[in-house]
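Participant: So you can see what is in the structure, the chains are spelled out below.
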Amino acid sequence: MKLFEYQAKEIFEGSDIRVPKRTLIKEISELNEAIRQVGVPCVIKAQVLQGGRGKAGLIQFAEGLEEAKKKTYEVISRAKNMYYLMVEEAINIDKEFYISITADPISGCAMIMASAEGGVDIEEIAKTMPEKIIKTYVNLSEGLLPHQAHNLLYELGIDESMISQGTQLLFNLYDVYCKNDAELVEINPLMLTKEGSFVAGDGKISIDDNALYRHPQFSLTREHFESDVQYEAAVEGIPYLQFDGDIGLMCAGAGLTNTVFDLVNDYRSSVACYLEFGGPNYHKAVKAMKLIMQSELKVLLVVTFGTIARADVMAQGLVDAMKELKPDFPIVTAIRGTGEEKAHEILRGFGLEPLADMEEAVKKAIELAGGALVE
Amino acid sequence: MSIILNEKTRVLVQGITGREGSFWTKHMIDYGTNVVAGVTPGKEGRTIGEVPVFHTVKRAMAHVEVDASLLFVPPRFAKAALKEALDAGIKKVVILCDGIPLHDALQMRSAARLAGAMVIGGNTSGIISMGKAMMGFFPYWLDRVYKPGKIGIMTRSGSLTNEVTAEVVKAGFGASSLIGIGGDPVPLTRFAEVLPLFQSDPATDAVVIIGELGGTMEEEVAEAMKKGLFTKPLVAYLGGRTAPKGKKMGHAGAIITAGKGTVEDKIAALSGAGAYVAKKPSMVGELLKSALAKHQI
Numbered sequence: 001m002k003l004f005e006y007q008a009k010e011i012f013e014g015s016d017i018r019v020p021k022r023t024l025i026k027e028i029s030e031l032n033e034a035i036r037q038v039g040v041p042c043v044i045k046a047q048v049l050q051g052g053r054g055k056a057g058l059i060q061f062a063e064g065l066e067e068a069k070k071k072t073y074e075v076i077s078r079a080k081n082m083y084y085l086m087v088e089e090a091i092n093i094d095k096e097f098y099i100s101i102t103a104d105p106i107s108g109c110a111m112i113m114a115s116a117e118g119g120v121d122i123e124e125i126a127k128t129m130p131e132k133i134i135k136t137y138v139n140l141s142e143g144l145l146p147h148q149a150h151n152l153l154y155e156l157g158i159d160e161s162m163i164s165q166g167t168q169l170l171f172n173l174y175d176v177y178c179k180n181d182a183e184l185v186e187i188n189p190l191m192l193t194k195e196g197s198f199v200a201g202d203g204k205i206s207i208d209d210n211a212l213y214r215h216p217q218f219s220l221t222r223e224h225f226e227s228d229v230q231y232e233a234a235v236e237g238i239p240y241l242q243f244d245g246d247i248g249l250m251c252a253g254a255g256l257t258n259t260v261f262d263l264v265n266d267y268r269s270s271v272a273c274y275l276e277f278g279g280p281n282y283h284k285a286v287k288a289m290k291l292i293m294q295s296e297l298k299v300l301l302v303v304t305f306g307t308i309a310r311a312d313v314m315a316q317g318l319v320d321a322m323k324e325l326k327p328d329f330p331i332v333t334a335i336r337g338t339g340e341e342k343a344h345e346i347l348r349g350f351g352l353e354p355l356a357d358m359e360e361a362v363k364k365a366i367e368l369a370g371g372a373l374v375e
Numbered sequence: 001m002s003i004i005l006n007e008k009t010r011v012l013v014q015g016i017t018g019r020e021g022s023f024w025t026k027h028m029i030d031y032g033t034n035v036v037a038g039v040t041p042g043k044e045g046r047t048i049g050e051v052p053v054f055h056t057v058k059r060a061m062a063h064v065e066v067d068a069s070l071l072f073v074p075p076r077f078a079k080a081a082l083k084e085a086l087d088a089g090i091k092k093v094v095i096l097c098d099g100i101p102l103h104d105a106l107q108m109r110s111a112a113r114l115a116g117a118m119v120i121g122g123n124t125s126g127i128i129s130m131g132k133a134m135m136g137f138f139p140y141w142l143d144r145v146y147k148p149g150k151i152g153i154m155t156r157s158g159s160l161t162n163e164v165t166a167e168v169v170k171a172g173f174g175a176s177s178l179i180g181i182g183g184d185p186v187p188l189t190r191f192a193e194v195l196p197l198f199q200s201d202p203a204t205d206a207v208v209i210i211g212e213l214g215g216t217m218e219e220e221v222a223e224a225m226k227k228g229l230f231t232k233p234l235v236a237y238l239g240g241r242t243a244p245k246g247k248k249m250g251h252a253g254a255i256i257t258a259g260k261g262t263v264e265d266k267i268a269a270l271s272g273a274g275a276y277v278a279k280k281p282s283m284v285g286e287l288l289k290s291a292l293a294k295h296q297i
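Residue numbers (the working numbering), protein chains in the order written: chain A, 1 to 375; chain B, 1 to 297.
The following block holds chain A by itself, in its conformation from the complex (with noise of 0.2 Å):
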């Protein structure tokens, strides 16, 4: 689960990490107030989950109360599924460095990267200078230790005066990291002001789908999803993925979802949404189909081998759900595996006919979406 800017830096504040002045607004009308709080100049900044705000015009400079106004309004007409707005205020930066703490599945260990080269887009300097990324490996049952965080900040070319507060800072982050099951936690730019201290310009907080159990005080909300059906599947706990293609996708295991979605594209059709039918869900089969009829689909295509997930199950919920809810979409299916003869019975029964390959179905889909096939 992505965190907002917003949350990230009131967490970061809870772990005594400086982040700047700010305020967030709802409406345009709550402006002159904010800006009397965080003065000016400030920093008008969208909070949307989407990377690279920078780049697409939703972070903007604003020297005075009328300038703010105006890029406030250009950053409400850029962003899309926006709730909030926050009203910065702009710091005297004498430096810009990248920190983030990340899993690293080879070690088992947290991995804290550093970077002189900071406020720019990380995943450049990883191409094009990866030697300019230092790298510190925290063994997680010991914790960060004194001399890695001092190793760190050397290497970084940190000035001696500035050494003691910016181990403090990383032992805050590594606590931000460790407190609440994180799977990243990233300040780029951290700033250094010309005053001496390290400041947060930006957060960013993503916690571990899999401890959110351990965290009730994250819950999602409809803010972290971009339409009404991606909020409904998850609360369903039904991974659910949205495209803008012709054909849905409604198949059983991961693996075996992303070779379905690689064969329709190969084939040069496209995905109009992914849903998982596998796991837990194999027996949701109406609340999936509700799901999928959300969505813009010219054919839904149904593809399951599995074992614990009963291929007699899925059917007949698939039938059951069909008779329910009657969808004017035609439907595909290779229902296989466990209970594989009860399931292709079903189907006959209800007039569809069930195909035992995966390529067939998939082809057989896109013919019906009134797509080519090119190989």
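Be careful, since some hints might not be right.
Said to hold, decoys possible - Once the Cα atoms are required to be at most 30 Å apart in a straight line, the calculated DSS-like pairs of lysine-lysine come out as:
1. 147/B x 132/B
2. 247/B x 26/A
3. 287/A x 248/B
Claimed, not checked - Here are some, though not all, of the chain B residues that point toward chain A, as calculated from beta-carbon distances under 8 Å:
4. 101
5. 102
6. 106
7. 125
8. 138
9. 162
10. 215
11. 242
12. 247
13. 250
FYI, nobody ran anything at the bench for these hints, they're computed from the structure. Glycine included, each C-beta is placed from N, C-alpha and C at the ideal position.
Given the structure of chain A, go ahead and fit chain B onto it with the hints provided.
Facilitator: Structure of chain B alone, referenced to chain A:
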């Protein structure tokens, strides 16, 4: 022969009295697995079939000798259950559950390495040595998929395994051992760490890996091949070639982040190391045939 598991391996099942645990224990025994004991706290004295149940792993091991443990426990208890098995000295563990918290997985990976144990999973169907034994849940009654032979299989996906293995069988082959590495971002054992076992297994002529977008496990396989650590023919099929960046494609581990983990990069690395990469599952059988033929010359 087979790797990690055979019909003699003495298997303990942690979480044996649960619904899935007891159901699949019976199937494992039916398949030929030597299940010697089970553990569920508070349930000592019961039996599942003929398998005795104990409160703890240590108590079980006072009565029977154990070579490997299978964890049928929910994800939030996986870390503690693994620690219990490692503390008791068990060197082979398979963890099936999907949804282990990331920070737990990191600690489990370093604990396993420290103990010198091979821990497979999580988020997997487990491992199966064809015709001999299995730890996990496989529909072994589907004989168009689960047929003994000389192809080693490693996979990050459950559902896709049936699909691809069926193609291997269709081409006239069968499998020696099938190792479900699992779909998590931190698999506790990685492809490249299993590869040496297949290399030294005389019953394995070639290996098929079923990978997907995300992570660097496929690149590590390519690296091992380049270094000459694996010299048998290797065929790979990788799902998610056309997946968009930044979206979690079903598995938590299946995501392209910071430009890393694209299938394109993986294909380039594997092809560059001499592996055969199938564009779709139906090509795996033919590629295996030609790879084996070339290697025999």
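Participant: Each hint needs a verdict: does it hold in this structure or not?
Facilitator: Hints, verified against the model:
1. 147/B x 132/B: Cα-Cα ~11 Å, so holds.
2. 247/B x 26/A: Satisfied, since the Cα-Cα distance of roughly 28 Å is no more than 30 Å.
3. 287/A x 248/B: holds (21 Å)
4. 101: holds (4 Å)
5. 102: holds (4 Å)
6. 106: Where the cut-off is 8 Å and the nearest Cβ of chain A is about 5 Å from residue 106/B, the hint holds.
7. 125: At 7 Å from the nearest chain A Cβ, residue 125/B passes the 8 Å test, so the hint holds.
8. 138: This hint holds: residue 138/B lies near chain A, its Cβ roughly 7 Å from the closest one there, short of 8 Å.
9. 162: Holds - the Cβ of residue 162/B comes within 8 Å of chain A, reaching about 4 Å at its closest.
10. 215: holds (6 Å)
11. 242: Holds - the Cβ of residue 242/B comes within 8 Å of chain A, reaching about 4 Å at its closest.
12. 247: Constraint on residue 247/B satisfied, holds at 6 Å.
13. 250: holds (2 Å)
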